[in-house]
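Given the structure of chain L, go ahead and fit chain Z onto it with the hints provided.
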Amino acid sequence: MHAGIIFFLVILGSVLFHIFTPWYWTDIASNWKSMDDTITLTFWVGGGVFVAVCLFMVYCVFKFSYKEDRKAEYKPEDKKLERILTWATTLGVAALLAPGLIVWNQYVNVPKNAIEIDVMAWQWGWQYRLPGEDKKLGTTQVQNINDNNPFGINLDDPYGKDDVLIQSDVINLKNNRPVKILLRSVDVLHNWYVPQFRAKMDAVPGVVTYYWFEPNKIGEYEVLCAEYCGVGHYAMRGGVIVQDEQEYNQWLGEQETFSELIAKQKVIEFKEKRLVKK
Amino acid sequence: MSEDFNNNKTIQAQSSETISGGGAGVTPDMDYVRPAEIPDQDLYHGHSFITKWVFCQDAKVIGVQYFLTAVFTGIIGLILSWLMRLQLGFPGLAGFMTAEHYYQFVTMHGMIMVVYFLTALFLGGFGNYLIPLMVGARDMVFPYVNMVSYWMFFVAVGVLMASFFVPGGPTGSGWTLYPPQAILEGTPGSGMGILLMLISLSLFVIGFTMGGLNYLITVLQARTRGMTLMRMPLTVWGIFTATVLAMLAFPALLVSSIMMTLDKVLGTSFFMPTILKAGEVLEYGGGSPILFQHLFWFFGHPEVYIVALPAFGIVSDLISVHSRKNIFGYRMMVWAIVGIGALSFFVWAHHMYVSGMNPWFGFFFATTTLIIAVPTAMKVYNWILTLWRGNIRLNTVMLWCLGFIVTFVNGGITGIFLGNVTVDVPLSDTYFVIAHFHMVMGIAPLMVIMGAVYHWFPLVAGRMLDEGLGKWHFWLTFLGAYSIYFPMHYLGFIGVPRRYFEMYDSPYMTSAVGMNEFISLAAFIVGAAQFILIYNIIKSLKEGERAGKNPWKANSLEWFTSTVPPEHGNFGDRLPVVHRWPYDYSVPGSKEDFMPQTTPPSAVVDTEVEKT
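In order, the protein sequence lines correspond to chains L and Z.
Note that our numbering has the first sequence beginning at 1, numbered continuously upward.
Note that our numbering has the second sequence beginning at 1, numbered continuously upward.
No lab work stands behind these hints: they were computed from the structure.
A short, non-exhaustive set of chain Z residues, derived as facing chain L with CB atoms under 10 angstroms:
| hint | residue |
| --- | --- |
| 1 | Val374 |
| 2 | Val421 |
| 3 | Tyr500 |
From the derived model, a few chain Z residues whose C-beta atoms are all more than 12 angstroms from chain L:
| hint | residue |
| --- | --- |
| 4 | Pro143 |
| 5 | Tyr144 |
| 6 | Ile199 |
| 7 | Lys264 |
| 8 | Val460 |
| 9 | Ile534 |
| 10 | Val605 |
Only a predicted model underlies this, so the values are computations on that prediction, with no experimental measurement involved.
Glycine included, every Cβ here is placed at the ideal spot set by N, Cα and C.
In isolation and in its complexed conformation, chain L is listed as follows (with noise of 0.2 angstroms):
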């Protein structure tokens, strides 16, 4: 009896600490609200049943614990009720299922004015990259990347040269503009994670993978890197900056370009030649 009691307690435990739980979502800063939505939908319709199946199993447990003149049901099998609760539960799996599907069809599906963004991770830090006017990224090759091309930039690739260049793990965003977060990686996994975006993706060295979201709240947030990478894992954070289209243009006209960098280079080289001659 005591049993039925404590199991009992700890299910109404479960139910109170979900409504009165400090610690749940951050306020989210982007679009996937959906993500937000199918989760709630998951845990009405999970936590419903949960409370169910164990409930009866505590009205179980009351009701037919051990007596010495009772004698148990004898019923191996039940046809119709097993249907039934196969059928129901099949809806059910369905309902869930299918607002899932139609939000995962948006996630994969980016939208065609979406900025993108050439998001370099390393162990341990990121970098990120804009294509420039011709609002195409260059390509790039771990092999090309050295002090003087920091993102492998191909220099045969005319997007390339106006490409701008973020060499920071902090990288400023248009509010409510969607971007298309380009991930690589020059060495092992990681992912480009920031909570209040919802959205994630790994970036795999080899490939190149994405991800989109719009951000629509603005603000600081701290990136995280949510793929083990080895020891520095927990130390791989970055930042984003959402800001208004003013102040983002208004920083975006402060930022290098490649051949910027290239030509700044040539400077210094010519310097430094000049230095040797003298």
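Relative to the frame of chain L, chain Z by itself:
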């Protein structure tokens, strides 16, 4: 010709015997069971201490050996989890704890608990002990291979433990061992540590294959007369199906282990693309890290069910025996086990929704994953419907079963969260995942293991375990484990990522400090509570109440051995003959509330037995 003739004659003779022995009004051929086709073979009986207890061929001894070795690794895994929780709850308290150590503990804890503890315990331990007894065989069909299987496992454990003592320590690449980081500097133990891990896993798979073949063929070929497949206890069904899964899934692990070993040792590039490390381009190129993940999870997901299916089977039997009621919907239960087993090979990439594989896979794997929820839910319904209108003994065994139902349903529901691809995106790689899989494949199967220990200890040792200590053990473990993992889901909702050595001062992390301390304290208590069981076992071995034959009044064959504990050969001179399924409890009209599988129909003429 003459031999055939003779055979026919014996059959006729036997059946006419039964007719004359049968009660009035019974159809004669109901008592008749086909005679053995193959004569009983004599077993190899060990005589020296070494052949009896060390290099032993008796499946029961091998089962106990597997059990004890697995428990040893489990205790190591438990201590590692304490050290991790120490760091997470009270960072800096243990001065020696570096990030390297933390990740090594995480990795070894995970691998030990999943493979060397749970898998070995369920299949090697319970499988060896129970399969021959429950199907009415004298031993496994290949006793010698069975013995080698255990010793391979023993060596695998030895190699794994050796990695704690090599330069660089054990691997710290996470239990999933994802390349490239697993074999690159920057991950702790990327030298000898990872190599020993891969070698140990390969040995484990080889050893396990030997055991697995034994379980399969014993179930298929060595059942006693009358033991049809649909009369087998669900425990055997669970272990049998899990073994089929293991036979198909472990090769993927073996292959990926071998390939990664080659990448590490010979510099091949199965899983290694072009990599820039410390300003240098390494001599790798063209390999695919995602290929490893596919191979790993092609093993890894069935692995979940390799642990879960035996637990499903065992808990069905325990609930039925201690509710004094037939398992509800036996055929549904069998088909659910088989169906879940088959489906488990079509869902692996739900571990990889955000891995960077082609995102269109998400549609397929979300659908298959949610389909698997249906047979799983059916099993849950049938367990609680077995309790319904039963006559429930609220003993320690039943408490563990009830604890299993609560934790399994909880973990199953959160599985629907993570399986539904969209919901997985924000939650994957967070503490929600940790909470989910610990609840569903850590705590829930552990509840079953504990229930099974309390249930079958009287058979193995001939003495009962102490009920009072058992109840303390249960409540501390259940309430403690639940308060570890239930709140942990909410850390995942916040977005706290897993595998973080330290949280620093991110706003959503600082709010979790109090919860982390609480979880750690609960983890210390739960871990310590397990030593109650060890004390209970030692105490009961010496002074426990004598169990006698069939103390739980169960129906299945393991309780009807010639001696308790059963001797080598299990059943004395004659193998038992089976006439019914093992769930005839509380049959209307019968004197007792149980009806052993060996009861012939003629002995229960006046009852309303429905199913045989």
